[in-house]
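**Q** Here the protein sequences line up with chains A and B, keeping their order.
Quick note on numbering: the first sequence equals residues 31 to 445 in this note's numbering.
Quick note on numbering: the second sequence equals residues 436 to 733 in this note's numbering.
I should point out that these hints are in silico values taken from the structure, not numbers from a laboratory.
Treat each hint with caution, since some may be false.
[Said to hold, decoys possible] The following label-pair restraints were derived from C-beta to C-beta distances:
| # | chain 1 | residue 1 | chain 2 | residue 2 | range |
| --- | --- | --- | --- | --- | --- |
| 1 | B | Thr605 | A | Leu290 | 43 to 49 Å |
| 2 | B | Ser559 | A | Phe139 | 25 to 31 Å |
| 3 | B | Ser559 | A | Asp306 | 54 to 60 Å |
| 4 | A | Gly438 | B | Lys655 | 15 to 21 Å |
| 5 | B | Glu674 | A | Ala86 | 49 to 55 Å |
| 6 | A | Ala276 | B | Lys655 | 46 to 52 Å |
| 7 | A | His443 | B | Ser662 | 29 to 35 Å |
| 8 | A | Phe120 | B | Thr545 | 46 to 52 Å |
Backbone N, C-alpha and C fix where the C-beta goes; we use that ideal spot for every residue, glycine too.
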Amino acid sequence: MATLVSRLLILTALLAPAPASAEAEVDTDLAAAIAADRAEQPDAPPSSGTPSTANALNPALSFILDFGLAWFSDEHHIAQGGHAIDQGGFTLQGLELAATASVDPYLRFDLAFQLVGMEIEEAAVSTLSLPLNLLLRAGYLITPFGRENRKHLHQWRFNSPSLAHSRFLSEEHLSGLGAELSMLLPHVPWYSLVLVEVLDPANRKGLGLRSTSFGHVAVRTDPDSGELVVTREDNIDGPEDLLYLARLENSLDLTDDWTLVVGLSGAWGPSPYVPDNRATLYGVDLYVKWRPLSSGDDAMAIGLTVEYFLRDTQVPGDSSRDHGGYLQLEFQVSRHWLCALRVESTDLWHGPSVDDKRMPNWQWRGSLSAAFLPTHFSMIRLQYDTGHQHGLHEPTHALFLQLEIAAGSHGAHTF
Amino acid sequence: MRLALASMIPTLLAVGPLQAGLKVVTTLPDYAALAAEIGGERVSAEALVKGSQDPHFADARPSMIIKVNRADLLVFNGLSLEIGWLPVLLKQGRNAVVQPGGPGHLDASTTIAPREIQRNADRSKGDVHAGGNPHYFTSPDELRRVARAIRDRLVALDPDGRRDYEQRFTAFERKLDHKTAEWKQRLAPLQGQRVVVYHKSWIYLLEWAGLKRVGALEPKPGIPPSSAHVSKLLAQTREQGLHFVIQEVYHPTRLSRVFAEKAGAPLLILPSMVGARPGIETVWDKFDKIVEMLTDGR
């Protein structure tokens with residue numbers, strides 16, 4: 031190996047560009063024969079064999095497994111969030127079944143079913159051909175609030191979601207039953223998307239709204255203890271109980287190598303903490319990617335993601351405002367190595383905390399990861415975290431080793 | 436800073452609506468070159484991927500969504516070459532014309548006879564394409580078939596231009612006949628020569644040129660070369676002889692250089708697509724260069 035490496039270092043001479051050769055004399059008989067052969071060629075030549083078409087109309091299926099091993103310096107540490115590794119030892123983070131298919135010329139179906147916990151993450155029907163650049167989605171939807179919420183576990187650059195994601199959106203995805211209408215703005219010389227969505231925040235047998243910022247609740251008397259408790263309601267009383275979301279997303283190719291995406295998101299709905307109180311959530315996200323396509327070295331890329339959230343929640347006689355976000359830098363060294371850095375914090379700005387346990391007054395975390403991808407379908411990731419939050423004695427540390435595999439059809443990746 | 440902003444302006448404007456009549460968007464630059472050749476002034480043709488880029492691993496950039504959204508005709512390679520990114524563009528592009536079944540949806544692979552079909556496809560065999568090897572754009576014969584399909588689709592979408600398209604296609608075929616005769620004549624002395632490739636992406640070119648693939652540096656498609664595999668291949672080629680090592684511009688070259696030197700054969704980094712190297716702007720440029728490099732051995 032050492033010999034090979036030394037030879038690689040020595041043998042760096044570039045091949046000289048080939049000089050233009052002289053025009054060859056064309057044999058007219060040969061040209062005539064080629065023309066005759068060509069005339070006999072059928073438009074679509076018979077194939078040497080075609081693969082079975084028996085499954086051609088079945089949905090494209092894939093299973094994605096995430097399995098992890100963790101060590102924490104202290105058993106009291108920052109909660110890692112949904113599908114993350116939250117305790118020392120081995121954890122099965124997720125086993126997702128993804129299916130996608132065209133229903134007919136008008137509709138498409140996408141499913142993400144999480145077998146760990148047996149829950150639907152997303153079951154959406156999308157239109158394929160509405161006029162005016164419109165696209166309608168309906169079903170159990172993962173909402174496109176910001177960048178991270180849309181990404182599934184296997185698309186994360188770390189084994190855990192960001193602190194802001196868990197605090198402001200959901201322990202898993204901000205998702206729920208509802209409908210979404212989006213429009214790709216015509217006559218704009220760059221990518222510009224406007225989207226509105228309405229979700230039902232009622233608690234519907236495993237398909238309820240998954241959100242840490244919104245929900246339809248009421249105060250009930252606990253029949254056992256006689257105490258008043260806040261419970262999630264399984265019905266809604268009117269439009270004021272629904273969750274409304276909007277997003278504006280713009281993207282530009284700054285050069286052949288640089289792409290910029292900027293998004294603004296907002297959500298308005300009932301608070302999940304106090305009946306008949308409201309909550310609002312705002313988000314801004316930015317993504318910049320550099321991939322040197324113009325120099326031909328397209329295996330390398332650097333991406334920067336920044337997301338920031340601001341939330342106002344009504345509480346009796348007061349309001350609570352908290353905010354937070356993260357900055358993530360990812361460096362794709364080659365097709366087989368991907369490194370990432372994330373720094374993040376969340377903070378109670380003013381007013382009382384609406385949930386001391388899940389939303390401490392302040393918290394911060396720094397993470398480093400290095401992933402090795404033997405192929406496009408498997409990955410091993412090593413990650414180090416250090417973090418601290420209100421209520422802990424001192425910063426804690428953690429190490430994670432994660433294995434991820436995808437078996438089945440090759441899914442397409444959003445930008 | 437002012438200079439940097441000024442340099443961005445052409446790129447920003449390039450994202451905007453295309454100027455000519457029919458808007459043809461292709462995944463690979465070769466198909467854009469063919470569409471421009473056959474469509475002439477009646478079409479504007481634009482490729483989503485650069486010729487120097489590995490088309491397996493393109494990003495579904497939002498700017499591509501806009502291009503697909505505004506296209507009258509989408510020509511793509513198929514055989515799962517673009518499976519990692521094209522479905523996103525089709526879904527988000529919300530353009531019924533270029534959706535499967537639409538008049539502007541042209542899967543170029545339906546016009547050719549795929550080689551190396553995997554009847555029992557399994558990922559233990561590497562990143563295989565069940566429907567067949569997707570790199571048929573490396574053969575002039577296959578591009579002729581794609582060009583014919585593009586002509587037919589342009590005629591269907593723009594019947595008023597039938598005469599133009601047919602005349603231009605006839606001229607294209609005449610030139611291709613002439614160039615093929617020239618290329619074949621120059622390649623004749625190389626018939627049966629033995630080739631090692633980096634990735635198994637050259638079968639169509641090798642068949643067309645009469646060359647013989649004896650191995651690949653990747654032990655399986657998409658799997659990085661291992662010392663054991665490469666050593667075994669080297670021993671085999673030393674025993675049987677080797678004339679060329681061939682690869683695309685976007686694969687790493689260090690191992691290929693070492694292997695080629697040890698095997699006593701030249702390494703040829705061939706332009707597999709239009710735009711793979713500066714100055715290669717048409718399919719004629721591409722095959723001229725390929726033939727030149729093969730015949731010169733460098």
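**Q** If a hint holds in the structure, say so; if it doesn't, say that too.
**A** Hints, one by one, checked against the model:
1. Thr605/B / Leu290/A: 43 to 49 Å: Given range 43 to 49 Å: holds, Cβ gap about 45 Å.
2. Ser559/B / Phe139/A: 25 to 31 Å: 30 Å, holds
3. Ser559/B / Asp306/A: 54 to 60 Å: Taking Cβ atoms as reference, Ser559/B and Asp306/A lie about 59 Å apart, which means the hint holds.
4. Gly438/A / Lys655/B: 15 to 21 Å: 18 Å, holds
5. Glu674/B / Ala86/A: 49 to 55 Å: 44 Å, violated
6. Ala276/A / Lys655/B: 46 to 52 Å: At roughly 48 Å between Cβ atoms, Lys655/B and Ala276/A fall inside 46 to 52 Å, so the hint holds.
7. His443/A / Ser662/B: 29 to 35 Å: 32 Å, holds
8. Phe120/A / Thr545/B: 46 to 52 Å: 48 Å, holds
Hint check: a violation occurs at hint 5 only; the rest are consistent with the structure.
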